[in-house]
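Colleague: Read top to bottom, the protein sequences are chains Y and V. Going by my numbering, the first sequence opens with residue 1, and the numbers climb by one from there. Going by my numbering, the second sequence opens with residue 1001, and the numbers climb by one from there.
These aren't lab readings, by the way, just hints derived from the structure by calculation. All residues carry an ideal CB built from backbone N, CA and C; glycine is no exception. Keep in mind that the hints are not guaranteed to be accurate.
Stated by the list, open to error - Listed next, the stretches of chain V that the computed footprint assigns to chain Y, with coverage defined by at least 3 CB atoms under 8 Å from CB atoms of chain Y: (1) 1060-1072; (2) 1075-1087.
Unchecked claim - For lysine to any residue, the following SDA-like pairs were computed, each having C-alpha atoms within a straight-line distance of at most 25 Å: (3) LYS49(Y) <-> GLU1044(V); (4) LYS1102(V) <-> ARG1064(V); (5) LYS111(Y) <-> GLU64(Y); (6) LYS1102(V) <-> SER14(Y); (7) LYS101(Y) <-> VAL1012(V); (8) LYS101(Y) <-> GLU1018(V); (9) LYS111(Y) <-> ASN24(Y); (10) LYS111(Y) <-> SER1027(V); (11) LYS68(Y) <-> ILE9(Y).
As the list claims (entries may be wrong) - Chain Y is nowhere near these chain V residues, computed Cβ spacing over 10 Å in every case: (12) VAL1004; (13) GLU1011; (14) GLY1016; (15) GLU1018; (16) THR1020; (17) ARG1022; (18) LYS1024; (19) SER1031; (20) LEU1096; (21) LEU1103; (22) GLY1106; (23) SER1107; (24) SER1112.
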Amino acid sequence: AQSVTQPDIHITVSEGASLELRCNYSYGATPYLFWYVQSPGQGLQLLLKYFSGDTLVQGIKGFEAEFKRSQSSFNLRKPSVHWSDAAEYFCAVGGGSGTYKYIFGTGTRLKVLA
Amino acid sequence: DAGVIQSPRHEVTEMGQEVTLRCKPISGHNSLFWYRQTMMRGLELLIYFNNNVPIDDSGMPEDRFSAKMPNASFSTLKIQPSEPRDSAVYFCASSLGVTNEKLFFGSGTQLSVL
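Just need the whole structure built from these sequences, with the hints factored in.
Modeller: Written as structure tokens, this is what we have:
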């Protein structure tokens, strides 16, 4: 079955610390992978996406993610977290031509300590 | 570009009442999605339109839910009659292409059915 798992519901980090949010997927076809961020009271905003090529992708706001096919993972990272990064982060997977359905993970809520 | 515009931002209604949620997609986008977000189920795709035509409504939970897209710049999601279990945040999203495109989300409608 197709699925996306974000094992961490909540993560708390100190400002300036590094961050890694985990995402594992199960998908029969070649996955197209996304990370979205949702600030309180707002809709989701795309941080980055991976379709093919270099497995390390750069996104907005200093985020990056690495696709590891062998581990079925697409973890999101940031070397130094800012207080404004506090939000909820969603991993999503879609796949292939003709596919419009995106499967979203349940999200990871990030809290940043000053 | 004003982004995807949803109204109202908040809706409080009583069980049994009709609720209509509205969405204006980004101009030029030909795909429109309605999602529902709850704590228990995360983000669920309700219905997908392409070029104003409903392509997939398999996510619509019951006959009480209906959606229309009379033109490229407007869509509605209607719940009649509403029930407390319909309480959720409803998001509209649009994208430029058909598949694996970046989704642009509106700010959502927080629906509370008492």
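Colleague: Does each hint fit the structure? Answer for all of them.
Modeller: Right, here's what the structure says about each hint:
Counting residues of the segment 1060-1072 of chain V whose C-beta lies closer than 8 Å to any C-beta of chain Y gives 0; at least three are required, and the coverage claim is violated. Given as covered by chain Y, the segment 1075-1087 of chain V fails the check, having 0 residues with a CB less than 8 Å from a CB of that chain where 3 are the minimum. Distance hint between LYS49(Y) and GLU1044(V) is fulfilled; the C-alpha atoms sit about 20 Å from each other, no more than 25 Å. Pair hint LYS1102(V) plus ARG1064(V) does not hold up; C-alpha atoms about 30 Å apart against a cutoff of 25 Å.
For a cut-off of 25 Å, the pair hint linking LYS111(Y) to GLU64(Y) stands: about 19 Å separates their Cα positions. At most 25 Å may separate the alpha-carbon atoms for a hinted pair to count; LYS1102(V) and SER14(Y) exceed this at roughly 31 Å. Between LYS101(Y) and VAL1012(V), the direct Cα distance comes to roughly 30 Å. Violation of the 25 Å bound is thereby established for this hinted pair. For the given pair, LYS101(Y) sits about 28 Å from GLU1018(V) by alpha-carbon distance, which is inconsistent with the 25 Å threshold.
Between LYS111(Y) and ASN24(Y) the alpha-carbon distance is near 21 Å, which keeps this suggested pair within the 25 Å criterion. With a C-alpha separation of about 35 Å, the suggested pair LYS111(Y) and SER1027(V) falls outside the 25 Å cut-off, and the hint is violated. Straight-line distance between C-alpha atoms of LYS68(Y) and ILE9(Y) comes to about 22 Å, which keeps the hinted pair within the 25 Å bound. In this structure VAL1004(V) is not separated from chain Y by more than 10 Å, as the shortest Cβ-Cβ distance comes to only about 7 Å.
Residue placement check: GLU1011(V) keeps its beta carbon more than 10 Å from all beta carbons of chain Y (closest about 15 Å). Taking the minimum C-beta to C-beta distance to chain Y, about 28 Å, the non-interface status of GLY1016(V) holds against the 10 Å cut. Non-interface call for GLU1018(V) relative to chain Y: holds, since the shortest CB-CB distance, roughly 24 Å, exceeds 10 Å. Distance to chain Y confirms THR1020(V) as a non-interface residue, since its nearest Cβ pair spans about 19 Å, more than 10 Å.
Annotated as non-interface, ARG1022(V) keeps its C-beta farther than 10 Å from every C-beta of chain Y; the closest such distance is 15 Å. Chain Y leaves LYS1024(V) outside its interface by the beta-carbon criterion, the shortest separation being 13 Å against a cut-off of 10 Å. Annotated as non-interface, SER1031(V) brings its C-beta within 10 Å of a C-beta of chain Y; the closest such distance is 7 Å. Every CB of chain Y lies more than 10 Å from the CB of LEU1096(V), the least distance being 12 Å, so the non-interface label holds.
Its closest Cβ contact with chain Y, about 7 Å, brings LEU1103(V) to no more than 10 Å, contrary to its assignment away from the interface. Its closest Cβ contact with chain Y, about 5 Å, brings GLY1106(V) to no more than 10 Å, contrary to its assignment away from the interface. Against chain Y, the non-interface label of SER1107(V) is violated: not every CB pair exceeds 10 Å, the least being about 5 Å. Look at SER1112(V): its CB is around 15 Å from the nearest CB on chain Y, clear of 10 Å, so calling it non-interface holds up.
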